[in-house]
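Engineer: Residue strings, one per chain:
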Amino acid sequence: GDSVTQMEGPVTLSEEAFLTINCTYTATGYPSLFWYVQYPGEGLQLLLKATKADDKGSNKGFEATYRKETTSFHLEKGSVQVSDSAVYFCALSEFTSNTGKLIFGQGTTLQVKP
Amino acid sequence: DAGVTQSPTHLIKTRGQQVTLRCSPISGHKSVSWYQQVLGQGPQFIFQYYEKEERGRGNFPDRFSARQFPNYSSELNVNALLLGDSALYLCASSTGTGEAFFGQGTRLTVV
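Those protein sequences? They're chains A and B, same order as listed.
Numbered according to our numbering, the first sequence spans residues 721 to 834.
Numbered according to our numbering, the second sequence spans residues 1076 to 1186.
Treat the hints as calculated values from the structure; they're not laboratory data.
Please read all numbers here as calculations on a predicted model, not as lab measurements.
Worth double-checking, as some hints may not be accurate.
Lysine to aspartate or glutamate pairs mimicking EDC-like chemistry, simulated, CA-CA at most 20 Å apart [claimed, not checked]:
hint: 1; chain 1: A; residue 1: K833; chain 2: A; residue 2: E736
hint: 2; chain 1: B; residue 1: K1127; chain 2: B; residue 2: E1174
hint: 3; chain 1: A; residue 1: K772; chain 2: A; residue 2: E789
hint: 4; chain 1: A; residue 1: K772; chain 2: B; residue 2: E1174
hint: 5; chain 1: A; residue 1: K776; chain 2: B; residue 2: E1174
hint: 6; chain 1: A; residue 1: K769; chain 2: A; residue 2: D722
hint: 7; chain 1: B; residue 1: K1105; chain 2: B; residue 2: E1150
hint: 8; chain 1: A; residue 1: K780; chain 2: B; residue 2: E1174
hint: 9; chain 1: A; residue 1: K772; chain 2: A; residue 2: E783
hint: 10; chain 1: B; residue 1: K1127; chain 2: B; residue 2: E1150
hint: 11; chain 1: A; residue 1: K780; chain 2: A; residue 2: D804
hint: 12; chain 1: A; residue 1: K769; chain 2: B; residue 2: E1174
So these bits of chain B aren't anywhere near chain A, every CB distance computed over 12 Å [what the hints assert, rightly or not]:
hint: 13; residue: S1102
hint: 14; residue: G1103
hint: 15; residue: S1108
hint: 16; residue: S1140
hint: 17; residue: S1148
Each residue gets a CB set at the ideal place from its N, CA and C atoms; glycine is no exception.
Use the sequences and the hints to build the structure in full.
Structural biologist: Put into structure tokens, the structure is as follows:
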């Protein structure tokens, strides 16, 4: 079945450092891809999305490009802030089921130090 | 506009008991999905309901059930609670297959 694999965390960076969180997927067909963020004690917030190959999703300085050839959707940010500390989840929406079901990776914790 | 609201926010139950969690979707959204997030893991899909009908079900035992009401709100029921059911239960609403908006979740602790 479809699956998502993220790099293990925690990822610890200093403020203004460059961020990359790797995400690869296995899927039938052409899923939509998402990055969600979860702040402590809260639910999930959609950070960005891409619905087809070569699409680039972007929001709040974060970017990710849908790479069909490498089945990847890596999250990047040029300069992280302390306020970016959170858990980041890569997810895909099953193409075949028509349920809108999301399949999530295990999450990557980001800690940004001043 | 109100987002997805879930109640209660926290709950403690004893093994073997039954629990009901509630979710109100964003106004205009007809689809509600439920996810279980065990500590340290990503959310796992439990159910999706659309227009009061079950559209999808994840790999969860029959102890888990749900329903959707005419106003599109939803309840998730779990019977015969096990310690392993302790988790954050997330509700998400959408227009159908569009973007999913998540609530803050219900933290269930089974003791």
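Engineer: Work down the list of hints and note, for each, if the structure agrees.
Structural biologist: Here is how each hint holds up against the structure:
With a C-alpha separation of about 10 Å, the suggested pairing of K833/A with E736/A holds against the 20 Å cut-off. With a C-alpha separation of about 19 Å, the suggested pair K1127/B and E1174/B falls inside the 20 Å cut-off, and the hint holds. Between K772/A and E789/A the alpha-carbon distance is near 12 Å, which keeps this suggested pair within the 20 Å criterion. A threshold of 20 Å between alpha carbons decides the hint, and for K772/A with E1174/B the separation of about 15 Å falls inside it, so the pair holds.
The suggested pairing of K776/A with E1174/B holds, with an alpha-carbon distance near 16 Å, which does not exceed 20 Å. Restraint check: the Cα-Cα separation between K769/A and D722/A comes to about 18 Å, which is no more than 20 Å; the hinted pair holds. A C-alpha spacing of about 14 Å is found between K1105/B and E1150/B, which places the hinted pair at or below 20 Å, so the restraint holds. Distance check on the hinted pair: K780/A and E1174/B sit about 18 Å apart at the alpha-carbon level, within 20 Å; holds.
Of the pairs offered as hints, the one joining K772/A and E783/A holds, with about 15 Å between alpha carbons and a cut-off of 20 Å not exceeded. At roughly 11 Å between alpha-carbon atoms, K1127/B and E1150/B fall within 20 Å of each other, so this suggested pair holds. A threshold of 20 Å between alpha carbons decides the hint, and for K780/A with D804/A the separation of about 10 Å falls inside it, so the pair holds. A C-alpha spacing of about 9 Å is found between K769/A and E1174/B, which places the hinted pair at or below 20 Å, so the restraint holds.
With a cut of 12 Å on Cβ distances, S1102/B stays outside the contact zone with chain A, its closest approach being about 18 Å. Listed as a non-interface residue, G1103/B keeps its Cβ farther than 12 Å from every Cβ of chain A; the least gap is roughly 16 Å. Against the 12 Å criterion, S1108/B falls within the reach of chain A, whose nearest CB is about 7 Å from its own CB. With 12 Å as the threshold on Cβ separation, the claim that S1140/B sits away from chain A holds: the shortest Cβ distance comes to roughly 17 Å.
Annotated as non-interface, S1148/B keeps its C-beta farther than 12 Å from every C-beta of chain A; the closest such distance is 17 Å.
Checked against the numbered hints listed earlier, the structure breaks hint 15 alone; every other hint is satisfied.
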